[in-house]
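Model the full structure from these sequences, guided by the hints.
Position 96 (the sequence shown) corresponds to 105 in our numbering; numbering is contiguous.
Hints in this document: simulated from the structure, not taken from any laboratory.
It is possible that some hints are incorrect.
Estimated spans, in silico, between C-beta atoms of each pair [as the list claims (entries may be wrong)]:
no., residue 1, residue 2, range
1, 71, 20, 17 to 23 Å
2, 90, 68, 14 to 20 Å
3, 85, 37, 29 to 35 Å
4, 111, 50, 27 to 33 Å
5, 51, 30, 14 to 20 Å
6, 48, 90, 27 to 33 Å
Keep in mind that this is a model prediction, so the values were computed, not measured.
Ideal placement from N, C-alpha and C gives every residue a C-beta, glycine not left out.
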Amino acid sequence: ILRARLIGRLDMMGTTQIEDQFTFNVSTRKAPVGVDLSDVDCMASIGMRMLVKNAKAVGRRGGKMGLFAPQPTVLEALQTAGIDVLIPVYEDWDVAAAELIAAVDT
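Here you go:
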């Protein structure tokens, strides 16, 4: 399982700065991916788009991507946009890792 940690703001500037590297590191693997959002303090629609695009790419390779430990404001933004329906959101790493591994093994 791959654990990816994002830090800062996933607004226009923050997302464009990391998107290529994040996509390369996440979507080119055939492993489950847990994305740590604990240090993300702003989630704009462009950041959500990046996450959805990569979750779909991971899925096409037979993996599964989940998000974990979002700050309350980030969780609220994800829920308001319905992203939590497309990408599972977990409270912590242990639960995320267990469920992502189990989802890929089935």
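Here is what the structure says about each hint:
no. : hint                    : in the structure
1   : 71 with 20: 17 to 23 Å  : 32 Å, violated
2   : 90 with 68: 14 to 20 Å  : 19 Å, holds
3   : 85 with 37: 29 to 35 Å  : 31 Å, holds
4   : 111 with 50: 27 to 33 Å : 30 Å, holds
5   : 51 with 30: 14 to 20 Å  : 19 Å, holds
6   : 48 with 90: 27 to 33 Å  : 20 Å, violated
Violated hints, in rising order: 1 and 6; the structure is consistent with all others.
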